[in-house]
Amino acid sequence: MIIVLLFLAVFAPLLSSHDPYQVNLEIRNQPPSAANWLGTDGNGRDVWTRMIYGGRVSLSVGIVAVSISTVIGVLIGSVAGFFGGLVDMVLMRMTDIVMSFPMLIVVISFVAITGPSIYNSMIAIGILGWPTMARLVRSQFLYLRQVEFVTAAVALGARPPRLIFRHILPNTVGSIVVAVTFAVSDAILLEAALSFLGLGVQVPMPSWGNMLRDAQTLSILENRPWMWIPPGLAIMLAVLSINFIGDGLRDALDPRIVL
Amino acid sequence: MVSPTSNPAAVKTDAQGREAILQVRNLKKYFPILSGIVFQRQVGAVKAVDDISFDVYKGETLGLVGESGCGKSTTGRTILQLYKPTSGSVQFEGRELSTLPNEELRRMRKRMQIIFQDPFASLNPRMTVGAIISEPLVIHRMYSNKREQQEYVENLMERVGLNPFYINRYPHEFSGGQRQRVGIARALALKPTFIVADEPISALDVSIQAQVINLLADLQQELNLTYLFIAHDLSMVRHICDRVAVMYLGKIVELGPTDEVYENPLHPYTQALLSAVPIPDPMAESKRQRIILTGDVPSPARPPIGCNFNTRCPVHFELCHHDPDPPLLEVEPGRWVACHRVSEI
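The listed protein sequences derive, respectively, from chains A and B. Here the working numbering is used: the first residue of the first sequence is 20, the next is one more, and so on. Here the working numbering is used: the first residue of the second sequence is 1308, the next is one more, and so on.
Source of the hints: derived by calculation from the structure; they are not laboratory data. Computed from a prediction, not measured in an experiment: that's the story for all the values here. Just so you know, not all the hints are guaranteed correct.
[What the hints assert, rightly or not] Calculated cross-link-like contacts (lysine to any residue; reagent style SDA-like; alpha-carbon spacing at most 20 Å):
id, chain 1, residue 1, chain 2, residue 2
1, B, K1417, A, L182
2, B, K1365, B, A1524
3, B, K1391, A, V166
4, B, K1417, A, E167
5, B, K1391, A, F102
Generate coordinates for the entire structure from the input sequences, incorporating the hints supplied.
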């Protein structure tokens, strides 16, 4: 399913003859037809085209934001978990502080200060999402640090980088991948929420969130479902399929489980 | 009979003139008990290893026995500096390990290795058997040529009874006994002189135990290895150890040649421990008198005052309940016992 969505997003220009920014006031609010597969919106833009172009935006915000937060989170979590003691305490209190911010409000303030745009949404979601990852990685490190095969590596004379990258980190990959996929779906939802509030991706650039925003009047909700069902469904399917991928990857990456 | 003047530190060679490869003196390992969430302070200590001294001679197998939780494994790991000792000294091949800088300690690890108890936990599940066995070679840059390294690993696998064909398999594809062989191959890869075998057979099936023990014995002969063999299987210890040290609550209570200790145990704890071993002879077995100890082992966080064994000892008297606890003394050549009443027993 996510492959279909990614495929649509990547090959968007090939899959639609329309321009997502082309306003055509003659065909406003048209229901689905042969020319406009999912109808048109209030400005006469093709909904199908905007949806697959919006997928590019929403998915890339999700992926970039989570890449940022995963890099920060894994780094901080590994250092805290491996070295322990004072380092651990300082880093974890920092994590607690970031974690205690109500995420949506901070993201909104950040975007309000820096100005709403697709890149600022990525950065805002990315730099606030790392504490969960850091906690997870740290707890895995604390556990794996005292596992016997790590002690064995110490007994062989391995230095810390080898212990971290060869022995501990590979064994945390399963949980990290699962957490990443959940974080991607969270980020997509958060982007949708931001865009819906008008603080994320700005029109005319389409995203699933701002398509929903454009469709929030009662008459559209009641009479023109082709404007809001497709982006809503796309968000749902993306989140759902990414979560399934997480489960699949966890099993595939574990050599103990034979598929 | 008791000769309180003889100090273990003075002994460098044993009766047969073998040199001591490892000298442990007054080794202590206390694990702090912390309390408080943000500002932790130490409220006590678990005395896992409490002031023990012994020598291990080149080419011998020294057994270290005692019940669960008495500090056997901690002793083994503290000797190898996997735990930092609280105090005391460990001299290996004449060099003091506890104060050695990290880099030099890393180099010393080529000479001393450990085999772990649990062959399921001691192998990284994400590395192939080949990668596990060659890891020590990579760490110490023993081979620059990949093919030579692979050849060496394959030979090693063959030597420990593994089919080199399985070099690219993962540990979970092997049985417990085979995994333990992987652990042994890894420990041998650097051609060490001294190996701590930390209960290497207690996690294995009985039928596999004998195979692994025989493998260890063969390797010892072939490579002139010295073992510190940690175990709680007393018959196995008798089978393969030259000397045996009995631990109770972080201390060595008796140390001597295996046969002598088994024939004529001097410490009341050793007597009780050995009386629990079945004898493979129905006539003798029916006459076996078990000495049943009452009560539990005291917590190593709060050991009793005086002799550690006084709460369960069948022959304890006044003196046993006062500090200091009985020192480990050489009562006959090569036989060490820590008991106030040893001359009466």
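Structure-based check of each hint:
| no. | hint | verdict |
| --- | --- | --- |
| 1 | B:K1417 <-> A:L182 | 17 Å, holds |
| 2 | B:K1365 <-> B:A1524 | 15 Å, holds |
| 3 | B:K1391 <-> A:V166 | 17 Å, holds |
| 4 | B:K1417 <-> A:E167 | 19 Å, holds |
| 5 | B:K1391 <-> A:F102 | 15 Å, holds |
Every hint from the earlier list agrees with this structure, and none is contradicted.
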